[in-house]
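Residues per chain are reported as follows:
4 protein chains.
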Amino acid sequence: MMIVMKESATDEEIAAVAEKIERAGARAHPSRGARVTVIGAIGDVEQDASVESIGLEGLPGVDRVVPILKPYKLASAQFRHGERTVLEIDGRKVGGEHFALIAGPCTVESREQTMHTARVVRDAGATLLRGGAYKPRTSPYAFQGLGVEGLRLLAEAKAETGLPIVTELMDIRDLDAVLEVADVIQIGARNMQNYPLLTEIGRSGRPALLKRGLSAPLDELLMAAEYILKEGNQGVMLCERGIRTFENDYRRTTLDLMAVPILKELSHLPVIVDPSHAAGRRDLVPALSLAAAAAGADGIIVEVHPNPDEALCDGPQALPTDTFAEYAATVERAAALAGTALSAV
Amino acid sequence: MMIVMKESATDEEIAAVAEKIERAGARAHPSRGARVTVIGAIGDVEQDASVESIGLEGLPGVDRVVPILKPYKLASAQFRHGERTVLEIDGRKVGGEHFALIAGPCTVESREQTMHTARVVRDAGATLLRGGAYKPRTSPYAFQGLGVEGLRLLAEAKAETGLPIVTELMDIRDLDAVLEVADVIQIGARNMQNYPLLTEIGRSGRPALLKRGLSAPLDELLMAAEYILKEGNQGVMLCERGIRTFENDYRRTTLDLMAVPILKELSHLPVIVDPSHAAGRRDLVPALSLAAAAAGADGIIVEVHPNPDEALCDGPQALPTDTFAEYAATVERAAALAGTALSAV
Amino acid sequence: MMIVMKESATDEEIAAVAEKIERAGARAHPSRGARVTVIGAIGDVEQDASVESIGLEGLPGVDRVVPILKPYKLASAQFRHGERTVLEIDGRKVGGEHFALIAGPCTVESREQTMHTARVVRDAGATLLRGGAYKPRTSPYAFQGLGVEGLRLLAEAKAETGLPIVTELMDIRDLDAVLEVADVIQIGARNMQNYPLLTEIGRSGRPALLKRGLSAPLDELLMAAEYILKEGNQGVMLCERGIRTFENDYRRTTLDLMAVPILKELSHLPVIVDPSHAAGRRDLVPALSLAAAAAGADGIIVEVHPNPDEALCDGPQALPTDTFAEYAATVERAAALAGTALSAV
Amino acid sequence: MMIVMKESATDEEIAAVAEKIERAGARAHPSRGARVTVIGAIGDVEQDASVESIGLEGLPGVDRVVPILKPYKLASAQFRHGERTVLEIDGRKVGGEHFALIAGPCTVESREQTMHTARVVRDAGATLLRGGAYKPRTSPYAFQGLGVEGLRLLAEAKAETGLPIVTELMDIRDLDAVLEVADVIQIGARNMQNYPLLTEIGRSGRPALLKRGLSAPLDELLMAAEYILKEGNQGVMLCERGIRTFENDYRRTTLDLMAVPILKELSHLPVIVDPSHAAGRRDLVPALSLAAAAAGADGIIVEVHPNPDEALCDGPQALPTDTFAEYAATVERAAALAGTALSAV
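Residue numbers (the numbering used here), protein chains in the order written: chain Z, 1 to 345; chain L, 1 to 345; chain X, 1 to 345; chain C, 1 to 345.
There may be inaccurate statements among the hints.
Note that identical chains are pooled: a pair holds if it fits in a single copy or bridges any two copies.
The calculated DSS-like cross-link candidates involving lysine-lysine, where the alpha carbons are at most 25 Å apart (straight line), are [what the hints assert, rightly or not]:
1) K6 with K230
2) K6 with K264
3) K230 with K20
4) K93 with K230
5) K6 with K73
6) K20 with K93
7) K264 with K73
8) K6 with K93
9) K264 with K158
10) K264 with K230
11) K158 with K20
12) K73 with K93
13) K20 with K264
14) K6 with K158
15) K264 with K93
16) K73 with K230
No lab work stands behind these hints: they were computed from the structure.
Excised from the complex, chain Z in its bound form:
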């Protein structure tokens, strides 16, 4: 890291910072400019972490501390020397040249709704089936999902269609039940920094789809992934699902498609985009899906419902099943632009 001193810093203050760096086990390397001195703290990675924790920002004469090394290791592109991770989920590949079309209902509501949707998305070429049994809801009075019964319906849908299942875990105490059904465990945006949950999912070894928090810088998303990876679980997909900005009219959040090429530069992990939750409006979903695929995403996760106007949750953003095949075909063409193809068995 680099410590930028104030213009007014005295020689004693510069020496005190240098001494503190060396006490933490790194080397201090000052560069004196015409007006400002910058001190490099040089060491190996572990030392860098120690230096970070010694609170140099508060010392007299210090203007600011500029981190140089990325705070994540296992999630970084360097860790795999530039090679991209390709996950294999029950026979389906995700990442590299394999574009994952993940589709299904926001929430599992009934046997018929789930089976019908599963068949439609399978026939249209979907890679994985998504569906929520446990729903994090802003209001404690809103429908919270079918729970275990929802998991059972997802298992049934998998048995019939062969599609691997992506479903969300909210409560660490439901982990075992979810592990019985989920091929991929979804971590919702609100839980991106729920560290005990991340750690337990890491320990479970099951692939995870980690949604970016609404105000998480990409480095924080990668640090959250690091919590999972460091438990030995390599199966992490990153998911951009919209961020909070000043712009709240006409959409629920702002989809950050720049995150796609940037995450692919920073990390070896696959990058998925969720246009449905980002927009909250189905009419924006096709344009955003094409844009995500053309920008090089490794997949998209979209909501589909046989009758969106009757959905118990997030109906306005669900695509209707009856136009899904056509939608999937255009997404496939956009993915081809970026050199990927829909992944299926």
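Starting from the structure of chain Z, add chains L, X and C where the hints point.
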């Protein structure tokens, strides 16, 4: 709620929306303007919630849906008919005319650090002692707190100084251990929408200090409080601790002091401000503390350390113990401006 | 507009609001719910504007005022009954099925740089040539453009290549000089709400490319367009160029591609995307360009330089001329996905 | 500045960056860490600016460029060696220990409204009279101010009350008319980066009140001030008036009070706070005014109207004249907390 139709909406579309509202058990009340029709959905509160869940936004001809009623009930100012909640925590009052000065180390590091800080803040007139045993850290490689040993030290500090304890719960599985020591359970910003955690804290009946998420609109903060309140726990303090904005230089987040008067208008719950985490720099803490108190906050929560430059966590934002008494005295004067006085036994 | 009253509003307060609405020439239409009364102010458009200006938000008992009608008229999709505007700029069409590839140097630096770039982009199929003679710079000490000499070089480039010219006007006093050369006048993001500038460009009748301000909601962008349109100038292109969000690492701003389908729903005006300024990094430009075209943009504006590492301004975001033809070909394929084709003579 | 190289950077890439720095006239000073090399570009200030303009970000192997020196000079605290600027405006001091209470109508509407308000604020101890003759309005259809007639009324108000006048200039062509009346020229938030306007006001020598743009980082505000200062005009007041964040409910913008202590650290210029425009609601203005004064602001600028419900512009945020004296007295007490006193003749 009001449903604003598009200018191009047909009579059939208007009728379809109205019918859907009535099927959900509310009355539809259309107002036809020169260009646009607006349909009011009128019913009692529960009906309003039902109407909200029926996904009118996706229907043909609908421009947007404008909620009228606040989505929270128990947290609303109306629920207590304008009377403010005054909590009593082991003899100390918080709220109304009672200003809470909550102070202590970010993290419990050692017996000596904890005891010394506790004595200093008690002598300076602090209301409650804060201290972290479990620390949510962005990096999995950073110091995560002393855990149970930290709780034990807090209990000892309370035994000696008489100060009630505020400490954070991150993992639902640590609830019992925390309940043995905490007079107030802190819920961190990252966990503001960790619904299982909120629900269990609600059930425990122990007062909670609920920190606002970094991108949580005030209505979402109040909805999170509602999760606690609906379990029968009335002891919720709301805590503004800075929000994420485009402005990232020279501070960690942007303290939103407008939240103070607005939350006091929307809700009967006490409003606390955390200038330490908002700023991440101790030199900003005094000015922000005065501002918070002058703006009418019901308390502030600040970090104090005997030797901030040696702190294991967040040292740069900690006030040193040796100037804390002076600091507390100026905060007291600012609180007086807003008509409140430091709360003590 | 709808006026939402507080739960505590008295009958007198409701009557006072209604009376004030009627005095402003509209009809007041109250809907009394179980807890809250909402008053519709119904009238024709001009009355609606009058009602807006009467400050109902401040009246006793008023919770908030919800505008119903869009504040812009000439820019609205309704104004042209859903038909999209297709501009014709010296023989090139922009809008509808005509995708505009607008390319050229950030800043006109020299005769050779300008001519070479102009030839390259013309040969690759560009629609218009962009180039800055007057540059708004954050620092008063930075290179501010060649001014009149830059305009002269642009005229020469047009004479040679036949490409119409897009160039920025910053200072109202330079209008005549710019009108001599510019086929399209660019209004920079910082000047989006420079109303005298908008008005004079409106009066000039010359087509304008209006960049969205870094924190402008889409409605404000359309209101800025309205300033131009109301002077009788119909030639406005809207340009998304990135917005300010909490996310500042690894890019200059956050490109808001949701703006593309939303603006196309709200307005009949063509929508252009500027990936170069949004990113500030050339390596992100190709992915974002494909995404913009796939999302349905009516064009993109990109920066190109024969030797970006030597550019006087914004070199890091410029595409090199020697790969531009390949870039243009992939953009063309992405545009085809959304049903448009590169516009040329 | 420091150039952080990528982990994958080759020795050749490092050498190429170093060479480019030296060609620009600075010295290159590389620090090789275990994983990453950082190159310091060291030179005097002018060289630093040259290095900044050479586009190192785009070179192969470069991860990012970290500026070390502040981009402004005349506005920096260092420029005056830590001494604060105290302006003298027709006998009233602003800055240092002199707190400016700037008050008056949003817009000059009539002789009676202006004179009455001027007398009330003078009697309550105001330092300067504010009032708008030219109003930047989001809508081209809204009331745009009385123009020259408004300036005339302000001159009359000054003649009667002796209060110096603060009024906004929007159009460079109105400069001479405004100079005849204004003791301080206000630059609105939308014009913070209207460089021709800043330059001309700089040349006029008249003190300026420069409002922060809604999405301007503090460094950009100071760069805008630098445009004025570099023309030889030392009379700049900086004004925080709320920023755009995700939080749009219940207020117009988010007041950033952290800006007060930070600006006072970065710059010698006085810092004024505008709670009226920030909130858009008069009921928040008193709490925010106390907070601003307690945080150490050098003044506040507030809107006052004899009958806010009838105001032609921004009535909902105006304080009524009949409670203004009481308001001014509480602000005075809050300013005293921060060691300042109301400035008057």
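Evaluated hints:
no.: 1; hint: K6 with K230; verdict: between (38 Å within a copy, 24 Å between copies)
no.: 2; hint: K6 with K264; verdict: between (36 Å within a copy, 15 Å between copies)
no.: 3; hint: K230 with K20; verdict: neither (29 Å within a copy, 40 Å between copies)
no.: 4; hint: K93 with K230; verdict: within (22 Å within a copy, 44 Å between copies)
no.: 5; hint: K6 with K73; verdict: between (31 Å within a copy, 14 Å between copies)
no.: 6; hint: K20 with K93; verdict: neither (49 Å within a copy, 43 Å between copies)
no.: 7; hint: K264 with K73; verdict: within (15 Å within a copy, 39 Å between copies)
no.: 8; hint: K6 with K93; verdict: neither (52 Å within a copy, 30 Å between copies)
no.: 9; hint: K264 with K158; verdict: neither (30 Å within a copy, 40 Å between copies)
no.: 10; hint: K264 with K230; verdict: within (20 Å within a copy, 43 Å between copies)
no.: 11; hint: K158 with K20; verdict: neither (58 Å within a copy, 34 Å between copies)
no.: 12; hint: K73 with K93; verdict: within (24 Å within a copy, 47 Å between copies)
no.: 13; hint: K20 with K264; verdict: neither (36 Å within a copy, 29 Å between copies)
no.: 14; hint: K6 with K158; verdict: neither (62 Å within a copy, 41 Å between copies)
no.: 15; hint: K264 with K93; verdict: within (17 Å within a copy, 36 Å between copies)
no.: 16; hint: K73 with K230; verdict: within (9 Å within a copy, 42 Å between copies)
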